[in-house]
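Please model the entire structure based on the sequences and the hints provided.
Just so you know, the sequences run in chain order A and B.
According to the numbering used here, the first sequence is numbered sequentially starting from 1.
According to the numbering used here, the second sequence is numbered sequentially starting from 112.
There could be a bad hint or two in this list.
[What the hints assert, rightly or not] Cβ-to-Cβ under 7 angstroms is the rule here; a few derived chain B residues that face chain A:
(1) Trp248
(2) Asp295
(3) Ala297
(4) Leu299
(5) Gly302
(6) Pro304
(7) Arg310
(8) His311
(9) Arg312
Note that these hints are calculated values from the structure, not bench results.
Each residue gets a CB set at the ideal place from its N, CA and C atoms; glycine is no exception.
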Amino acid sequence: MRSIGWIATIVALVGAGPALGHEAGVDVRGVVVAADAAQVTVRGADGKETRFAVARDTRVFVERHGAKPAELKPGVRAVIHGRERGGRLEAASIHASAPAGSVPSAPWPAR
Amino acid sequence: MRRPCCIAVAAVVLLLGGGLVAGLVALRRSGLSARPEPGPVEARLARTVRSLAVAGSVRRLPNPVPLTPRLLAEARAHFADHCASCHGNDGSGDTPLGRRLYPRAPDMRLPATQELTDGELFQTIEEGIRLTGMPGWGGEVSPDVSWSLVHFIRHLPRLTPEEILEMERLNPKSPGEWQEMQEDEAFLKDGTPGPAAPRHRAH
Chain A
1 MRSIGWIATI VALVGAGPAL GHEAGVDVRG VVVAADAAQV TVRGADGKET RFAVARDTRV
61 FVERHGAKPA ELKPGVRAVI HGRERGGRLE AASIHASAPA GSVPSAPWPA R
Chain B
112 MRRPCCIAVA AVVLLLGGGL VAGLVALRRS GLSARPEPGP VEARLARTVR SLAVAGSVRR
172 LPNPVPLTPR LLAEARAHFA DHCASCHGND GSGDTPLGRR LYPRAPDMRL PATQELTDGE
232 LFQTIEEGIR LTGMPGWGGE VSPDVSWSLV HFIRHLPRLT PEEILEMERL NPKSPGEWQE
292 MQEDEAFLKD GTPGPAAPRH RAH
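Encoded structure:
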């Protein structure tokens, strides 16, 4: 009996391996064109604009600090990890640089 | 006297045989699939059995490791490396692995986990849980590591977005994912251009 649990675990781990990576979606590195509480649009280096919907569980960071989508100023650099959900392209996470001229802060609160 | 005895024996044999056949049919039907959600009766029973398996003396053990910010940071890093693949950095269990195990990796922020004693959490981490995906981690490193993880599990309901972000950097990654993360960071820092087009991900 004992071995069944281990075999099951190993099979589950091996089987789920490919699923450990990202789920299907689109990643974009670009510059924020517009942002509000509902959506964020970024322009990639190829000039193409991509619009991501903002969901309740979209995680937003400016300079590694938790932030609100509306704090994303046009012109800042952003890396967006998007996923297809409910037939639309949704931002899972948005990482943005600080607006030009702002004072950079520590990456995360000192402990 | 003889006849009722024979009937009783026959009835027992029939019942046992019938039960065995019914069991086999049910087993075949389920295919021992890990995909359905465990039923409430099964989940309740498993939890009760698990609870019975913890000796009273262990259940009452206080956490002997003093909680300091540094210890918590170490436990957080350890959790990100060893536990998050199933449990998620936030302890929600909402990961491709955690969602597919039978039983599922539980949301450890909820009372069901938080109301376990420190001793119960410690035993679970050290010994694992037989016939589930939860491995036993004890034996190779000092028990203090497991006690520090108990502190971290207590901290889960108050985890900040910044802490989760820090953990993401520590999650095990493929070389490709490492490179992607470093490119993302370089791009955010000084605009070092990455691949021009959006990168589409399959599974």
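Hint by hint, here is what the structure shows:
1. Trp248: 13 angstroms, violated
2. Asp295: 4 angstroms, holds
3. Ala297: 10 angstroms, violated
4. Leu299: 5 angstroms, holds
5. Gly302: 6 angstroms, holds
6. Pro304: 5 angstroms, holds
7. Arg310: 5 angstroms, holds
8. His311: 6 angstroms, holds
9. Arg312: Check passed: Cβ of B/Arg312 comes within 5 angstroms of chain A, closer than 7 angstroms.
Checked against the numbered hints given earlier, this structure breaks hints 1, 3; the rest are met.
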